[in-house]
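K.L.:
Put together the whole structure using the sequences plus the hints.
Protein chains: 2
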Amino acid sequence: MQYQADVTIELKAGMLDPEGTTIKRALEHLGYETDSVRTAKKYTITLEAESIHDARENVEEMCQKLIANPIIHNYAISLRETE
Amino acid sequence: MQYQADVTIELKAGMLDPEGTTIKRALEHLGYETDSVRTAKKYTITLEAESIHDARENVEEMCQKLIANPIIHNYAISLRETE
Chain D
110 MQYQADVTIE
120 LKAGMLDPEG
130 TTIKRALEHL
140 GYETDSVRTA
150 KKYTITLEAE
160 SIHDARENVE
170 EMCQKLIANP
180 IIHNYAISLR
190 ETE
Chain Z
110 MQYQADVTIE
120 LKAGMLDPEG
130 TTIKRALEHL
140 GYETDSVRTA
150 KKYTITLEAE
160 SIHDARENVE
170 EMCQKLIANP
180 IIHNYAISLR
190 ETE
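Residue numbers (our numbering), protein chains in the order written: chain D, 110 to 192; chain Z, 110 to 192.
Derived by calculation from the structure, the hints in this document are not laboratory data. Beta carbons: idealized from backbone N, C-alpha and C, even for Gly. Take the hints with a grain of salt, since some may be wrong.
Beta-carbon label-pair distances, calculated as ranges [to be verified]: (1) Gln111/D / Glu128/Z: 13 to 23 Å; (2) Ile181/Z / Ser187/D: 20 to 30 Å; (3) Gln111/D / Leu125/Z: 32 to 42 Å; (4) Asn183/Z / Asp144/D: 34 to 44 Å.
In silico PhoX-like cross-links for lysine-lysine, where the CA-CA straight-line distance does not exceed 20 Å [unchecked claim]: (5) Lys121/D / Lys150/Z; (6) Lys121/D / Lys151/D; (7) Lys151/Z / Lys121/Z; (8) Lys133/Z / Lys121/D; (9) Lys121/Z / Lys174/Z; (10) Lys150/D / Lys133/D; (11) Lys133/D / Lys151/Z; (12) Lys150/D / Lys121/Z; (13) Lys174/D / Lys133/D; (14) Lys150/Z / Lys121/Z; (15) Lys174/Z / Lys121/D; (16) Lys151/D / Lys121/Z; (17) Lys133/D / Lys174/Z; (18) Lys121/Z / Lys133/Z; (19) Lys133/Z / Lys151/D; (20) Lys150/Z / Lys133/D; (21) Lys150/D / Lys133/Z; (22) Lys174/Z / Lys151/Z; (23) Lys150/Z / Lys150/D; (24) Lys174/Z / Lys174/D; (25) Lys174/Z / Lys150/Z; (26) Lys174/D / Lys121/Z; (27) Lys150/Z / Lys133/Z; (28) Lys151/Z / Lys150/D; (29) Lys174/D / Lys151/D.
P.N.:
Here's what the structure looks like:
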C-alpha cells in the first residue's frame with residue numbers, strides 16, 4: 110500500500126530564526142507590522158509500506174537519520190493512505 | 110486582536126524540486142525507498158488585526174508582495190485567533 114507522510118520540521122522554541130527575522134523586517138519595509146515570523150520546512154513523502162505502522166516507523170527513522178537535526182529541530186509526522 | 114497565520118508555500122505541480130530529489134537520493138543511500146519527496150516552506154506569522162477578515166487580507170498581500178513567487182509557487186493560508 111502507498112502512504113503519504115507530511116513531515117514538518119520546526120526550530121525548537123528559543124532558537125534564533127534568522128530567516129524569520131529577515132522576512133519580518135522586509136514585511137515592515139513594505140508597511141506590514143507583525144508580532145513574529147517563524148519558518149519551518151515541510152516534506153511530503155510518498156512511500157510503499159505493509160501497514161501504516163510500518164510507514165510511520167520508516168518515516169520516523171528517515172527524520173532521525175537525515176531530515177531533522179535532533180539538537181535544533183522538532184518534527185511532526187502526519188500520515189495517510191493515498192490509494 | 111492577535112491572529113496566527115500558517116502560510117504554506119509549495120512549488121507548482123510539474124516544477125522540478127531539486128531539494129526533494131536530493132533528499133530522495135540520500136534516503137535511498139540510507140536504504141529507504143520512497144516514491145517521491147516534495148519540499149515546501151511553512152511560515153507562522155502572528156499579527157494584530159481588527160478582524161479575521163482584515164488579518165487574511167493582510168497575509169494575502171504579504172504573500173503576493175514578498176513571501177510567494179506567483180510564477181512558481183502555490184500558497185495556502187490558514188488563520189486562527191490566538192487570544
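K.L.:
Hints numbered earlier in the text: which of these fail when held up against the supplied structure?
P.N.:
As far as the earlier hints go, 3, 4, 8, 13, 15, 24, 26 are violated by this structure, in ascending order.
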